[in-house]
Every structure is written in C-alpha cells, then in structure tokens.
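Student: Sequence:
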Amino acid sequence: MPALDENKRLYLRLAEEVLTNKNLALADDLIATDFREHVGDEAKRVGIEGFKAVRLRRNTAFPDWKVTVDDIIAEGDKVVARATGQGTHLGEYMGIPPTGRRIKVSWIAIYRIAEGKLAEHWQQIDELGLRQQLGATLTLPAS
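Each residue of the sequence shown is one higher than the one before, counting from 1479 in my numbering.
Derived from the structure by calculation, the hints contain no laboratory data. A few of these clues could be false.
What the hints assert, rightly or not - Derived DSS-like pairs: lysine-lysine, alpha-carbon spacing no greater than 30 Å straight-line:
#1 1530 to 1556
#2 1522 to 1544
#3 1500 to 1522
#4 1595 to 1544
#5 1522 to 1595
#6 1544 to 1530
#7 1556 to 1486
#8 1530 to 1500
#9 1500 to 1582
#10 1544 to 1486
#11 1486 to 1582
These numbers were taken from a predicted model, which means no experiment stands behind them.
With the sequences and hints as input, model every part of the structure.
Tutor: Listed below in structure tokens is the structure:
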C-alpha cells in the first residue's frame, strides 16, 4: 500500500476505532510516545497518556460520541481531515454541566506522521458553535 494511503488509513483507524468506538488502548499502536498537540499558538508534548486523557474527558461528557470523516487528504508526512462529531452532552465538558442536548460540531485536523504513528496534531474547531449548542453564554470584555 502506498505511504499516502497508509497515512490516510492511520487517521481513519483513529477516527473509527479510537474516537467513535472509544478503544483508547489502541492509541498505544497509533500515537507516537512524544505526541504533540497544538492548541492555538501553543504546542505541548502530551504523549500517549495526554492524548488519551483528553479523549477520555470527551467520552465521559459525550458517551455516544460519533465521528464522521467528511474529507481526507494526504500529502508527504501529513494527513488533513475535515470531520464532524456528534453526541449527547451527559457529563461536564469545558466547565459546562450536563445539558442532555444533542450537539454536532465540525473541525479540520492536521496530523504529522512519523515512523508509522501520529506524531503531531493541529486542529481548528467551531468552539463557539459548540458552546452555543450547550447553552453557554460568552461575555466579551469591556473596552
């Protein structure tokens, strides 16, 4: 299988088996030990356990979380996916107590692959839309 197809398959396994089916143990096979997450302008080396911790919090908040990969592109050592997640808010998330609301949110994720594993992650997500669906209100600072 060509490397680009293999890179796509790696992300598709992550989306289906880890994110949707919640098989966090499989992350040990898919995620690099020195995995890095980019959030905004910050990059943090979180490793496999940090990766699992973030997904466990989301799985607890949305036990029926399901990810659909809408588009996937591979080039060089990177995979880019446009995906949609949906689930029912049954646990605390981002400081918001459970609402029982069904939410749907889209994102674009970029993963760098090294030695056959996902090594680095950048993501842009519609966080405002997500918070609005959960009923959160935002207060802008006074100018």
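Student: Take the hints in turn and mark each one as holding or not.
Tutor: Evaluated hints:
{"no.": "1", "hint": "1530 to 1556", "in the structure": "holds, 21 Å"}
{"no.": "2", "hint": "1522 to 1544", "in the structure": "holds, 26 Å"}
{"no.": "3", "hint": "1500 to 1522", "in the structure": "holds, 23 Å"}
{"no.": "4", "hint": "1595 to 1544", "in the structure": "holds, 22 Å"}
{"no.": "5", "hint": "1522 to 1595", "in the structure": "holds, 17 Å"}
{"no.": "6", "hint": "1544 to 1530", "in the structure": "holds, 16 Å"}
{"no.": "7", "hint": "1556 to 1486", "in the structure": "holds, 9 Å"}
{"no.": "8", "hint": "1530 to 1500", "in the structure": "holds, 10 Å"}
{"no.": "9", "hint": "1500 to 1582", "in the structure": "holds, 18 Å"}
{"no.": "10", "hint": "1544 to 1486", "in the structure": "holds, 19 Å"}
{"no.": "11", "hint": "1486 to 1582", "in the structure": "holds, 23 Å"}
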